[in-house]
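Engineer: With chain A's structure known, arrange chain B on it following the hints.
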Amino acid sequence: MKRTLLFLMLISLISIGCQKKQDVIKIGIAGPMTGDQAKMGMDFKNGVSLAVEEWNSQGGVLGKKIEIVVSDDQHDPKQAVSVANKMVNDGVVGVIGHFNSSCSIPASDVYNRAGIPLITPGSTNPQLTEKGYKDVFRVCGRDDQQGRIAALFVIQQLKLKNVAVLHDKTTYGQGLADEFKKFLDGKVNVVYYGSIVQGDKDFKTVLTTVGNKDPELVFFGGIYPEAGLLVKQARELSLNAKFMSGDGTIDPKFIEIAGAAQAEGTFLTFSPDPKNMPSAKGFIENYQSRFGEIGPYSIYAYDAANILLSAIRKANTTEGNTLTDTIHMMEFDIALGKIRFDKKGDVTESPYVIWITKNGKFEEYWKP
Amino acid sequence: MFLQQLINGLTLGSVYALIALGYSMVYGILELINFAHGEIYMLGAYFGIIFFGLFTAIGLTAFSLPLALALTFVLSIMFCASYGFTIEKIAYKPLRNAPRLSPLISAIGVSIFLQNFVMLTQGATDKVFPPLFGTAGFRFLSVQMTYLQLSIIVVSVILMVCLRFFVRKTRMGKAMRAVAQDKVMASLVGINIDTVISVTFLIGSGLAAIAGLMVAMYYGLVNYFIGYVAGIKAFTAAVLGGIGSIRGAMLGGILLGLVESLGGSYISSEYKDAYAFILLIIVLLVKPGGLFGKAELEKV
Chain A
1 MKRTLLFLML ISLISIGCQK KQDVIKIGIA GPMTGDQAKM GMDFKNGVSL AVEEWNSQGG
61 VLGKKIEIVV SDDQHDPKQA VSVANKMVND GVVGVIGHFN SSCSIPASDV YNRAGIPLIT
121 PGSTNPQLTE KGYKDVFRVC GRDDQQGRIA ALFVIQQLKL KNVAVLHDKT TYGQGLADEF
181 KKFLDGKVNV VYYGSIVQGD KDFKTVLTTV GNKDPELVFF GGIYPEAGLL VKQARELSLN
241 AKFMSGDGTI DPKFIEIAGA AQAEGTFLTF SPDPKNMPSA KGFIENYQSR FGEIGPYSIY
301 AYDAANILLS AIRKANTTEG NTLTDTIHMM EFDIALGKIR FDKKGDVTES PYVIWITKNG
361 KFEEYWKP
Chain B
1 MFLQQLINGL TLGSVYALIA LGYSMVYGIL ELINFAHGEI YMLGAYFGII FFGLFTAIGL
61 TAFSLPLALA LTFVLSIMFC ASYGFTIEKI AYKPLRNAPR LSPLISAIGV SIFLQNFVML
121 TQGATDKVFP PLFGTAGFRF LSVQMTYLQL SIIVVSVILM VCLRFFVRKT RMGKAMRAVA
181 QDKVMASLVG INIDTVISVT FLIGSGLAAI AGLMVAMYYG LVNYFIGYVA GIKAFTAAVL
241 GGIGSIRGAM LGGILLGLVE SLGGSYISSE YKDAYAFILL IIVLLVKPGG LFGKAELEKV
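So the sequence lines, in the order shown, correspond to chains A and B.
Here the first sequence is numbered in the numbering used here, starting from 1 and rising by one per residue.
Here the second sequence is numbered in the numbering used here, starting from 1 and rising by one per residue.
Isolated chain A (complex conformation) (with noise of 0.2 Å):
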């Protein structure tokens, strides 16, 4: 009887702590926050925090303030799924992220069992949208699509005939990397298919053994800090094939890490220059003069933040699956463009281009 009431008590405690919070409308962040991917973790909360200041500037949705629940998956996938389940049990109404393809996926069961949607600014690997859950969204594009660009781009452009073909084991390096090879559908020769380890800093002996084979073009599946080592160790063997790699790798501390003069030249497949979208001008001011340079997925996120939180306004509730509903319906006008979600949860177009590194800045350059 004595455990039965003090049960009853602590369950009441913890309905009042659950009521007062009530008054908000909890989103979530979750993405590396912590270790040497924390830059793209931190473009995330950043993006996010833009949209909801914004929002909250204007009265919040429903009538309710916006806040927001930062969670570190530390680019872990067992750290995802925790992450994910004490996002649910503080009670978000929707998440904005994971970053990692490896992280996303298992993360997205936990989101569904929850019932809750979950918009990727980043996770590019397909996997995430084929399995069939509807309240995952995607507003970046895909690695089949990735893969195809850049397979055109080495096909049609550089009219080469040898690559080497490296990634870092990840769901997203392996498949963006299988997804290029595939595009380059006997086209072209693939002399090396191997990988490495991320976190590793040492790629010397693979990369020895790659220019014994002589390649025009290495390409990289991975992201920027062993896709600078790569470059810079690449270079030091007098290994001076062409470097490509996907959208992992643009990031500006890739060229720090790989030096300007080695990094040079690189080629990156990525969505288009914000810069050159008219619709994109008001966010970029905003967010250059609130926390400076634009990181390469600071849009995605900013954007994800307002199409879940303009579906909430028009589903006129937090409710889940009338929430997905809703996304699945509406045509966004966000600082990307104009915006619609496919069956899958991916956006039904999604324009990647070819960017390259030079004099250690990244630009447009060649779209098919």
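Worth flagging that the hints you see were computed from the coordinates, not collected in a lab.
Computed from a predicted model, the values in this text were never measured in an experiment.
Ideal Cβ positions, reconstructed from N, Cα and C, are used throughout, including at glycine.
Check the hints yourself; a few may be wrong.
What the hints assert, rightly or not - A few chain B residues that face chain A, going by a derived Cβ cut-off under 7 Å, partial list only:
1) M1
2) Q5
3) N8
4) S64
5) T125
6) L221
7) E270
8) A274
Unchecked claim - Over 12 Å on every C-beta distance to chain B, these chain A residues come out as not near it, computed from the model:
9) N189
10) I196
11) T209
12) G282
13) R290
14) D333
15) N359
16) E363
Structural biologist: Just chain B, lined up with the frame of chain A:
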């Protein structure tokens, strides 16, 4: 290609060897596996970046690069040595007569503390050591080598030769060997054990600082958890060579580097880390004391 991989492995191995020496020396004397040693190496890299940044800011680098680099090295070594010294006094000395497991757990605690301390004070993001020499190097017999790579190998070899000379020929070295053999007897003949242990920590930490700084310059990328991986590798090297033996630590380190690089190139680079540990298992099965373990009388 074989020669090139040999050089790649040798560079990697020299660094492992320098760190492994610290593990082996401490184990030889205290029979303690100092898990915080990898963190001293990480601190060496951080001190390097901090002091070099400082010298660049006050214009010393522009005035004379060699002077700035030399000062950076000296200061990093001094700071790391004092860290090593303090860690021993705070975390290990009070436990000297405790069961063997206690100082080991204390060492793991220090390691976790230092990692988090650096993460919180320096931030979790990668720090970049300014590229000083670019990719400058030379070609010799189909081997492409940077000057930095060459200096890592040369500096490591010189340091190891000096250490061997110190342990074998000097009075302090003799005292260290005596303490390693029998602490009680050594104190009975008038050797101050505390001093010997402190000197061991100072030297081991100084070597780790040099390794850390050279690696920071070579790869150009430093973060708070580099000590963990390097520590595990160096520990493996020390065990491979026979923990407690100086010669074993040197050869174990270089062997480890070579196996990683040659295995990575001739079998498959995906399982690079596995080769080192397969080798370790084989050696321990055949010769449980490590390559130079029991057979070596001179144990420090």
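Engineer: Just want to verify: N359 (chain A) was marked as not at the interface with chain B; is every Cβ pair farther apart than 12 Å?
Structural biologist: holds, 16 Å
Engineer: May I ask you to check that T209 (chain A) keeps its beta-carbon over 12 Å from the closest beta-carbon of chain B?
Structural biologist: violated, 5 Å
Engineer: Taking 7 Å as the limit, does the beta-carbon of M1 (chain B) come near enough to a beta-carbon in chain A?
Structural biologist: holds, 5 Å
Engineer: Taking the minimum C-beta separation from I196 (chain A) to chain B, is that value above 12 Å?
Structural biologist: About 7 Å separates I196 (chain A) from the closest Cβ of chain B, which leaves it inside 12 Å; violated.
Engineer: Is the claim that D333 (chain A) lies outside the interface with chain B correct, judged by CB distances over 12 Å?
Structural biologist: holds, 35 Å
Engineer: Quick check on the hint: Q5 (chain B) CB to chain A CB, less than 7 Å?
Structural biologist: holds, 6 Å
Engineer: Can we keep the E270 (chain B) interface hint, with Cβ of chain A closer than 7 Å?
Structural biologist: With a minimum Cβ separation of about 5 Å from chain A (threshold 7 Å), the hint on E270 (chain B) holds.
Engineer: Take the shortest C-beta to C-beta distance between N8 (chain B) and chain A; is it under 7 Å?
Structural biologist: holds, 4 Å
Engineer: Grab the minimum beta-carbon distance between R290 (chain A) and chain B and tell me whether it stays above 12 Å.
Structural biologist: holds, 20 Å
Engineer: Per the CB criterion, is A274 (chain B) less than 7 Å away from chain A?
Structural biologist: With a minimum Cβ separation of about 11 Å from chain A (threshold 7 Å), the hint on A274 (chain B) is violated.
Engineer: Is the hint on L221 (chain B) kept, meaning its closest Cβ partner in chain A is under 7 Å away?
Structural biologist: Result: holds, 6 Å to nearest chain A Cβ.
Engineer: Over 12 Å from every CB of chain B: does G282 (chain A) meet that, or does the non-interface label fail?
Structural biologist: With a cut-off of 12 Å, G282 (chain A) remains clear of chain B, as the shortest Cβ separation is near 29 Å.
Of the hints listed earlier, those the structure fails to meet are numbers 4, 8, 10, 11, in rising order.
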